[in-house]
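**Q** What follows is the residue order along each chain.
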Amino acid sequence: MEQQKPPRKVALVANCLLNQNAKVCEGARYRGVVSPVVEALRSRGYVLQQLPCPELAFAGVRRWWAVYEQYDTPAYRAHCRRLAQAIAPLIERFLRDGDEVILIGLDGSPSSGVRFTSSKPDWGGRPNRPEDDWEIVPRRGIWIEELEAELAQRGLPPIPATGWALDMGRFDEAGSRRDLDEFLDSREQSQSTSSGENSVRTSGEGSGTP
Amino acid sequence: MIGDIRGWRMALVPDTLINTPQRLRAALPDVLSVLEASGYGVLQLPPPGEHGLLLAVIADQVQEYSHHGYAVVAIGVRGEAGDGLHWRRIAPLLRHRGAALPPRHIIRPDVDAAVEGQRLTRWLAAYDLPVEEQHRWR
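These protein sequence lines map, in sequence, to chains Z and Y. Each residue of the first sequence is one higher than the last, beginning at 791 in this note's numbering. Each residue of the second sequence is one higher than the last, beginning at 6 in this note's numbering.
Calculated from the structure, these hints are not laboratory results. Please note that a few of the clues may not be correct.
[Unchecked claim] Which residues of chain Y face chain Z? A partial, calculated answer using Cβ under 7 Å: (1) Arg11; (2) Leu29; (3) Leu33; (4) Asp35; (5) Glu41; (6) Leu58; (7) Tyr75; (8) Leu106.
[Claimed, not checked] Quick list of simulated restraints, FRET-style, between CB atoms: (9) Ile111/Y to Asn918/Z: 46 to 52 Å; (10) Met6/Y to Arg968/Z: 26 to 32 Å; (11) Ile111/Y to Arg834/Z: 38 to 44 Å; (12) Arg883/Z to Arg93/Y: 41 to 47 Å; (13) Gly103/Y to Pro948/Z: 25 to 31 Å; (14) Leu29/Y to Pro948/Z: 29 to 35 Å; (15) Glu925/Z to His101/Y: 37 to 43 Å; (16) Ala119/Y to Ala868/Z: 43 to 49 Å.
In this text, a Cβ means the ideal position worked out from N, Cα and C, and glycines have one as well.
Isolated chain Y (complex conformation) (with noise of 0.2 Å):
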């Protein structure tokens, strides 16, 4: 695609990842400037809460990513409901609709939120589809 810089990567990411309260800063790396830094992009998902549409119009668009070359994980937070991530509906969601489960990273902010930081930037550089499937799409 001439002139096109797209990543091809993105992350479901949690809300409280994207906005995190003052209560937690401290303790989670800043996880959109790692998501910037690495090349990814965001599919932001709610916070808790009944979001039964929402959910499904995500599922939709994770669907047609995963199903033409693009590379879609998830990144949660340990102590959140669901790891924040929605995963017991969204799976289904997903399932449903033919589309393969994102890997999932956990952030743990019981840990330096330095360390899960960097441990968050080598998953996210680690990751991507198998090279034929690159090959097929980009």
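Here chain Z stands alone, though its shape is the one from the complex (with noise of 0.2 Å):
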């Protein structure tokens, strides 16, 4: 007989928290890994998953900062659902397994904001930092929206998310400490008194759409 593994705790995160090469030119905040992102992960012993960058394979490595606007068209989308079919099998395995899955995108990001996207209807042209003005609007990144269809189409539940405040214009990183602590620590107390709530250990039929 198979034998049941433990339920972990999985958490998902944007490319470029463990990738800041993969930021847009001008935005890389650290060296290589987002370290207060990790450790606070780590310390609550969640294993970590990285998501595809969406930008970085679509518009490049030296492409210019874009609000949502820009890159809501067919053509990314239809490359973000590319991506989300490429890493949903893992996720649906995480989740089939029981385990508690996580969310960690990057607020104020076109693609892969949660809590805040950029947006800036009339937006283009000529980039001019710092002139540059947008607005943070409370929406999902396209990549997000992208992803998190594609899993909801598979009959997976929605997965608690939230996002690093790195996009947001002036970044704050005690504050955006501060937000992640709050949200591992509201995930804690909801897992102590409900296991597995996002979990779909029983295969076959999803616990719920989103």
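Hey, can you piece these two chains together into the complex? The hints should help.
**A** And the structure:
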């Protein structure tokens, strides 16, 4: 008889949280790994699963910064769906194994934003930093939208998510860390009251669609 | 790039070196901490199994980096299939994309983990692209 593995705590992390080289030009705030995020997750016993970077593979590593509306094209969404299909089997395995899965995106990002994305419907033409101005709006980035749609299509439950607020304009590392700690603390509390709330250990049928 | 402190170096890393199982923790150095301290970014490889599309997506990223002035290395672990690097799958994907195969460093679980950690640190510090290539891009 196959031995059942104990459930794990799994954190899906935006690609650039493990590799700042993926950031848009002038956007890297760490050399490589975003240490405070990794420290917060590992100290709580999470295993890490890095997500692909949709912008890097689409617009290249020397791309300029952009807002949600500039990436909101059929071609970019199709590209995000391909990436979602590449990583979804791993996520599905975690959930079907009964693991607790969370998602840490990148708030303010047009692609990886979770709580917030950047918006400016009439933006275009030549980038002009620091004069460039955009709004931060409460909305998922396009990559997160497409990833969540792919998981829902597979009958998987929604994944509790938050974002590291790196792309919100002025980066406040201490504030970002407080937010992340609060989110992780709230997950621990909810897990202690209801085990495996977003898992689908009994394979076959999902426990609900978002 | 104003205010940008990216390190321009990164490593392909097996899942088992990022999420080391309990049974191997004493035998392996904390590779993620070594990479962090060395200023390297991480490209995480999936655990053993069939991950054709995901490996293609990772190869796309390595191609983009290696053609634009970034140093990419691979860190394997002896005793895992393909050193944990999916090398038999990823090497042809990289060749097909015209990307040079990253230099490999293999961790030895039968050697003291602290010693292996120091060996990895030295290897990472010594590696980068040729200076003229760095000047062209960075």
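**Q** Look at each hint and say if it fits the structure.
**A** For each hint, the structure was consulted:
1. Arg11: Check passed: Cβ of Arg11/Y comes within 4 Å of chain Z, closer than 7 Å.
2. Leu29: violated, 13 Å
3. Leu33: Constraint on Leu33/Y not satisfied, violated at 15 Å.
4. Asp35: violated, 9 Å
5. Glu41: Status holds, d = 4 Å.
6. Leu58: holds, 4 Å
7. Tyr75: holds, 6 Å
8. Leu106: violated, 19 Å
9. Ile111/Y to Asn918/Z: 46 to 52 Å: holds, 47 Å
10. Met6/Y to Arg968/Z: 26 to 32 Å: Given about 29 Å between the Cβ atoms, the range holds.
11. Ile111/Y to Arg834/Z: 38 to 44 Å: Given range 38 to 44 Å: violated, Cβ gap about 31 Å.
12. Arg883/Z to Arg93/Y: 41 to 47 Å: violated, 22 Å
13. Gly103/Y to Pro948/Z: 25 to 31 Å: violated, 40 Å
14. Leu29/Y to Pro948/Z: 29 to 35 Å: Distance hint for Leu29/Y, Pro948/Z holds at roughly 33 Å.
15. Glu925/Z to His101/Y: 37 to 43 Å: holds, 42 Å
16. Ala119/Y to Ala868/Z: 43 to 49 Å: holds, 48 Å
In this structure, the earlier hints numbered 2, 3, 4, 8, 11, 12, 13 are contradicted, and the remaining ones agree with it.
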